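Trainee: Chains as they are written, first to last, in the numbering used here: chain A, 1 to 187; chain B, 1001 to 1187; chain C, 2001 to 2187; chain D, 3001 to 3187.
Chain C is faced by these chain B residues, among others (derived, beta-carbon under 8 Å):
hint : residue
1    : R1073
2    : T1077
3    : L1162
Listed next, with one range per pair, are the computed distances between beta-carbon atoms:
hint : chain 1 : residue 1 : chain 2 : residue 2 : range
4    : D       : A3079     : B       : K1113     : 40 to 50 Å
5    : B       : D1082     : C       : L2046     : 25 to 35 Å
6    : C       : R2039     : B       : K1113     : 49 to 59 Å
7    : D       : K3113     : B       : R1133     : 51 to 61 Å
8    : C       : N2036     : D       : D3096     : 18 to 28 Å
9    : B       : R1133     : A       : S44       : 53 to 63 Å
Chain D stretches covered by chain A per the calculated footprint, using a threshold of three residues with CB under 8 Å from any CB of chain A:
hint : segment
10   : 3073-3080
11   : 3151-3162
12   : 3165-3173
Just so you know, these hints were derived from the structure itself, not from any lab. Bear in mind that the values here come from a model prediction, so they are computed numbers and not experimental data. C-beta: ideal position from N, C-alpha, C; glycine also.
Protein chains: 4
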Amino acid sequence: MNQIESKSQLPYAEVQCHMAATPIEAPELLVQTWFNTDRPLQLSALRGRVVVLVAFQVLCPNSVAGAIPQARRIHETFAPNDVAVIGLHTTFEHHDAYSPAMLQSFIHEYRLKFPVALDCASAAGPIPQTMERYKMRGTPSLVLIDKAGQIRKHAFGASEDLRIGAEIGALAQESSAAASLARSSAA
Amino acid sequence: MNQIESKSQLPYAEVQCHMAATPIEAPELLVQTWFNTDRPLQLSALRGRVVVLVAFQVLCPNSVAGAIPQARRIHETFAPNDVAVIGLHTTFEHHDAYSPAMLQSFIHEYRLKFPVALDCASAAGPIPQTMERYKMRGTPSLVLIDKAGQIRKHAFGASEDLRIGAEIGALAQESSAAASLARSSAA
Amino acid sequence: MNQIESKSQLPYAEVQCHMAATPIEAPELLVQTWFNTDRPLQLSALRGRVVVLVAFQVLCPNSVAGAIPQARRIHETFAPNDVAVIGLHTTFEHHDAYSPAMLQSFIHEYRLKFPVALDCASAAGPIPQTMERYKMRGTPSLVLIDKAGQIRKHAFGASEDLRIGAEIGALAQESSAAASLARSSAA
Amino acid sequence: MNQIESKSQLPYAEVQCHMAATPIEAPELLVQTWFNTDRPLQLSALRGRVVVLVAFQVLCPNSVAGAIPQARRIHETFAPNDVAVIGLHTTFEHHDAYSPAMLQSFIHEYRLKFPVALDCASAAGPIPQTMERYKMRGTPSLVLIDKAGQIRKHAFGASEDLRIGAEIGALAQESSAAASLARSSAA
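Chain A extracted, bound-state conformation (with noise of 0.2 Å):
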């Protein structure tokens, strides 16, 4: 449990992000309960797409001044034929605090319309399935994946617009051959 941080007490988080050298692919995300959505996503289905997956805890400061409203701003700015957003509600802590209830009144009061997943909790520990097969240090955390369904962006704490802008027009505009590619190469 040493790794993992809660960024909550840090006004101005510092960003600790790796852009792996080697890509690897994204793993499916472990869902207790789906919001926002008909049916339950798959990150394979998403292939073609740039999915901004943001992780967040409705009690953490960072993530609901920080995170949440910039995940709102992603989905409004971008096509979702382009730019998928998901939102993964996980924590290690606070376990009694959160409901499914509560996420949803959540969703509700900050106007969420972007899909929102509620990590599977762990029979095994405190830190939830998604969170632990992520290796997620905490909340908030950010991961972009790309056409091709690689992980090419994993940062913990609070990322700035321009950059994340960047980051995700890059990807947008890759086709998802050379995304595809990017990974053979590196494999």
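Following the hints, put chains B, C and D in place on chain A, whose structure we already have.
Mentor: Chains B, C and D only, in chain A's frame:
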């Protein structure tokens, strides 16, 4: 229930306030759980100090982005012997989303240091008891109580720091006797 | 000149202020040009009102982003019969960049409605005359003058709205007689 | 002159932009004085880099509060070999308020590190020469020029970081050849 409104969907909330022409004594708070205090607070025991009562809701965007940081600034700006800040968590909706554990986690994550009261649920309906007896219209609401225990301001929605500062500064300047006199002459 | 500093390079300016233990009478302003007023203002003619003197500089980032909007908020919040806001354009540097025409355009573009004074240049050196007699350390500076004409606060750098509001609110609550008394007892 | 408007009185400026259907080559800047560069810049010498041209005015509130900090963020976010930021001071009003000395002081106080050009006055009227040949509607304006020297975006008013970031990121991803091709196929 028609008079109750949630401000949460308004990005720039208009203040709706009434400076009571005839000041009335602030009724005691009806509290389910207290946080950040060794024992329950009584307004009657706070005579001689200005009391700032900030009603908020964890899932209300205007409370979280506006009223809570403002309450913290008030708490940090004024000497506690002059001005007492009290948070009141109260809501007429999302009852299944809230719990004392959730409020405790919120207080921890947002580093609140002032006493916070969780309003008592009502058997009669969705409006909790303190919200009902203060006739609050929703959250956020701000109530200023003078040194003699009289309500001097009751505002629904966002309030500007400059104006709130001026009002608290003026009330703190009053002697308890003068505040008492204001009550008598108004009666 | 060593005691004069520009705050402009500090993104978050610390307030350096002194609440004069022995209040002194605010000296009259020495003004080259007045804007937004039919005739020159005399502080001596403003007894009975709190005066907020805001010293700024058009090319000083902290003045433009902080002090000027704050002065406008003060002007809009308080009744003019209670609180008079006066802007003072003053600088010990960039003298060749400034002109009355430039200040007039600034006042127009920023929609300032309160009186603004252009400090008198000094034959003796780069520090203009009002800055010199007020011993200002630079811009922005904020001076609060009570109803009896005494300096009650003199701050260099950014000031928080809540605190300034409280201080103006308290001074506005004083009677002119009480303010006078404060002067006498301090003398 | 009817088509020229100042945005300065609008607190939340609407972006008015056109993404030229038929890209046209960006005309060279007509410059009275250059700052922050050893020698005059030629757009023709910047082929292979994306150029971000930010037109501003020192006395325009939206320029100072919005466009200038954004230009600085762009300059800090992108590698100079990929993206060149150029400031252009230009105005059709307040001519007697401006001087090269004033612009130099502004650049110093706001710590601008990118090249800044002072637009050439026109003998024919109040609109300076570069503003005229770019048909700018006022300040702030933002022009994106691709690696082949074509204007790809021309916006009047505030632009969101996320969108600008995405557009710059996409242009930076283009090869010079592709940009050239875009020109040919559009011609």
